[in-house]
Amino acid sequence: MTDTPHPPHAGDRLVASPVKGGAVTESRPRAGSGPAVPRPHRPHRPARPGGKAVTPWRRVMTALAALVRLAARVAALSVLLYAIFTVLKANPANVWYQFVETLASSLSLGLANLFQFADPRWTTLVNYGLAAIVWLIIGSAVAGLIRRTAD
292 MTDTPHPPHA
302 GDRLVASPVK
312 GGAVTESRPR
322 AGSGPAVPRP
332 HRPHRPARPG
342 GKAVTPWRRV
352 MTALAALVRL
362 AARVAALSVL
372 LYAIFTVLKA
382 NPANVWYQFV
392 ETLASSLSLG
402 LANLFQFADP
412 RWTTLVNYGL
422 AAIVWLIIGS
432 AVAGLIRRTA
442 D
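In our numbering, the protein residues as written are 292 to 442.
Worth flagging that the hints you see were computed from the coordinates, not collected in a lab. Note that CB positions come from ideal geometry on N, CA and C, so glycine has one too. Treat the hints with caution; some may be incorrect.
[As the list claims (entries may be wrong)] Just the calculated beta-carbon pair ranges, DEER-fashion: (1) 433 x 401: 40 to 50 Å; (2) 380 x 442: 26 to 36 Å; (3) 435 x 408: 41 to 51 Å; (4) 361 x 388: 18 to 28 Å; (5) 442 x 388: 36 to 46 Å; (6) 381 x 407: 28 to 38 Å; (7) 397 x 358: 41 to 51 Å; (8) 404 x 357: 26 to 36 Å; (9) 350 x 411: 11 to 21 Å.
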């Protein structure tokens, strides 16, 4: 009554069997006595997690949120560019400097004179850098609210 255990075979259930490319998959026997069919390594994943339907309203609101986020980033970039120009002592007579200065002064959100330091370059860097951060925060918050209205 001593049955010696047999080593597992490739066709046995839950036994790893090699597949082309060196990957090992789990095997299951077919119904009947045919060869084993390899089981896929990864489970099937749906194409769209959550399964939310894409409607025209959702597309419009997503595009609007992206536009708001882009506008806020452009505003933050122009304000930060002015701060960098000032810190690196760019030529104030240059046309690009004047353009960025005009744009940044209108986008500073009233933060241009919030802090006063002994060095005017530090004053500009801190105040306009803070305005750039506020633009990024406001843009992200508004874009998030717009995106939520699409759901």
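Status of the hints after comparison with the structure:
For residue 433 and residue 401, the Cβ-Cβ distance of about 18 Å falls outside the hinted range of 40 to 50 Å, so the restraint is violated. Range check, residue 380 to residue 442: Cβ separation about 49 Å, and the 26 to 36 Å hint is violated. A hinted range of 41 to 51 Å for the beta carbons of residue 435 and residue 408 is inconsistent with their spacing of about 34 Å. A C-beta distance of roughly 24 Å is found between residue 361 and residue 388, which places it inside the suggested range of 18 to 28 Å.
Against the hinted window of 36 to 46 Å, the Cβ-Cβ separation of residue 442 and residue 388 comes to about 44 Å, which satisfies the hint. At about 22 Å, the beta-carbon gap between residue 381 and residue 407 misses the expected band of 28 to 38 Å. Checked against the hint of 41 to 51 Å, the pair residue 397 and residue 358 fails, with Cβ atoms roughly 20 Å apart. Range check, residue 404 to residue 357: about 33 Å between beta-carbon atoms, so the 26 to 36 Å window is met.
At about 47 Å, the beta-carbon gap between residue 350 and residue 411 misses the expected band of 11 to 21 Å.
When each numbered hint is compared with the structure, violations occur for hints 1, 2, 3, 6, 7 and 9.
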